Amino acid sequence: GDSVTQMEGPVTLSEEAFLTINCTYTATGYPSLFWYVQYPGEGLQLLLKATKADDKGSNKGFEATYRKETTSFHLEKGSVQVSDSAVYFCALSGWGSRTGTASKLTFGTGTRLQVTL
Amino acid sequence: SQTIHQWPATLVQPVGSPLSLECTVEGTSNPNLYWYRQAAGRGLQLLFYSVGIGQISSEVPQNLSASRPQDRQFILSSKKLLLSDSGFYLCAWSVNGRTTDTQYFGPGTRLTVL
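In order, the protein sequence lines correspond to chains A and B. Taking this note's numbering, the leading residue of the first sequence gets 1, the next gets one more, and so forth. Taking this note's numbering, the leading residue of the second sequence gets 1001, the next gets one more, and so forth.
No lab work stands behind these hints: they were computed from the structure. As the structure is a prediction and not an experimental result, all values here were calculated from the model. Among the hints, a few may not be true.
[To be verified] BS3-like mimics (lysine-lysine), calculated; alpha carbons at most 30 angstroms apart, straight line:
(1) A:K52 to A:K77
(2) A:K56 to A:K68
(3) A:K77 to A:K56
(4) B:K1079 to A:K104
(5) A:K77 to A:K104
(6) A:K104 to B:K1080
Could you put together the complete structure from these sequences and hints?
Written as structure tokens, this is what we have:
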């Protein structure tokens, strides 16, 4: 079945450091890929997405490129801020996970990012 | 624009008591609706999803149930809570029939069973 593997956290960085959170996936067909962010005590917010190979999703300075050859969707940001401290989830919605018109997201376990001054 | 509401935001319940969590979506029609649970420090577990009124699919056997009495209303229930039901419950919606499959999440309900 579909699966998503994220790097273990927590990741601790100083403000203005470069961020990479690795995400690899296993899925049949051509899944859509997502990054969600969860701030403390809140629900998940969609950060960015990509729906086909070589697409780059971007938002708020974060980027991720859909790499089908390496089955990866790594999240990057050139200069993190304290306000970026949160848990980041990689997810996929694959053709194999459809039932009727519903899709089922497969999530990674999440990576906690802590940014310090 | 679409918004999704959940209530209550926080709930503390004794073991064996009933549960009712509500989720409503505004600004869209015939959405797909989902219930997830997030245990402390863990990822998300899909509990139920619905593609229409009265249509519920269960992902994990447990003492929880879900209902969809109206197009944009999704309710999570239990007759008798267990300690293991504690967690953060998230409702989500997606556009029915769309291929991009983005799910949009509500603010969540934190449930503590004592």
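Hint-by-hint comparison with the structure:
Under the criterion of a C-alpha separation no larger than 30 angstroms, the hint pairing K52 (chain A) with K77 (chain A) is consistent with the structure, at around 21 angstroms. Between K56 (chain A) and K68 (chain A), the direct Cα distance comes to roughly 12 angstroms. Compliance with the 30 angstroms bound is thereby established for this hinted pair. Straight-line distance between C-alpha atoms of K77 (chain A) and K56 (chain A) comes to about 13 angstroms, which keeps the hinted pair within the 30 angstroms bound. As the CA atoms of K1079 (chain B) and K104 (chain A) are separated by approximately 27 angstroms, the hinted pair is consistent with the 30 angstroms bound.
Note on K77 (chain A) and K104 (chain A): the hinted pairing holds, with a Cα-Cα distance of about 28 angstroms set against a maximum of 30 angstroms. For the suggested pair K104 (chain A) and K1080 (chain B), the alpha carbons sit about 28 angstroms apart, so the restraint of at most 30 angstroms is met.
The structure is consistent with each of the numbered hints, conforming to all of them.
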